[in-house]
Amino acid sequence: MANCKILVAGDLSEFSEKGAALFMEAAERSVHVKGWFAAALSGGSTPRPVHRRLIREPYLSGIPWDRTHLFWVDERMLDYSDVSSNFGTARQDLLRHVPIPGDHIHPMPVSGPLKTRADRYESELRLFHDRFGKGGLLFDLVFLGLGADGHVASLFPETIDSETPRRWTTLAQGGDPKTWRLSLTFEAINATRHLCFLVSGRQKASIVARVILNPNPEVPAQRIHPQGGEIVYLLDREAATLLGPALEDPIQGPGDLMES
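Here my numbering is used: the first residue of the sequence shown is 283, the next is one more, and so on.
Any given hint might turn out to be false.
Said to hold, decoys possible - DSSO-like mimics (lysine-lysine), calculated; alpha carbons at most 30 angstroms apart, straight line:
1) LYS316 / LYS287
2) LYS316 / LYS416
3) LYS397 / LYS316
4) LYS287 / LYS397
5) LYS397 / LYS416
Treat the hints as calculated values from the structure; they're not laboratory data.
Model the full assembly from the supplied sequences, consistent with the hints where possible.
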């Protein structure tokens, strides 16, 4: 359990509140220290309650949106208007409702040749890092989901060994629906100060227990090692049902999770 902290939410409201609080605390601290905040968001259904909580107080006015830059950990190669688009969903739930400058929003490209899309996002990340990173980490916070097979972003068990060294983006085909996807690599995801898994549902209980209690490098999630420190698991009660003794220590609140 070293470098791993667990938050268990009793219901959806508490889940979204804890996730939003983690986001705001990371944003406030990053802006205080260096003047800006960079986060990478995940797709799927689990983050949506957190995104919707962020558009209400105290987060709407409390988060320094004008100093925030948002990226995505992966994207299906579908039009943003498609219901399966990670960016499209975030735009509907979050981006249209908060005062974030348009040029601070960095969606993954979904037009043009596939390799060109990956290269374009790679260039965007590196230009951002050259301008703001000052030799530090790429992100201040990464939100990740966790697939039932242990995949993170679009890094699936059958493709995790195909990454090109020192690349921050990669292409993969898989998932549901099975389509081409653009994904950050492990190297990019791990270049973060804080990382939080958002996991809900009884169908995820087995993989949560496997990742936390029985490390296996063949599971993509087991290759997540944020350079900035700890991994936080924000779980609902159903996702945490098989953790047993791992939950014997007191669950820590959001204020304990963003230590310098």
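For a quick check of understanding: which of the numbered hints are violated here, in increasing order? When the structure is compared with the hints, numbers 3 and 4 turn out to be violated.
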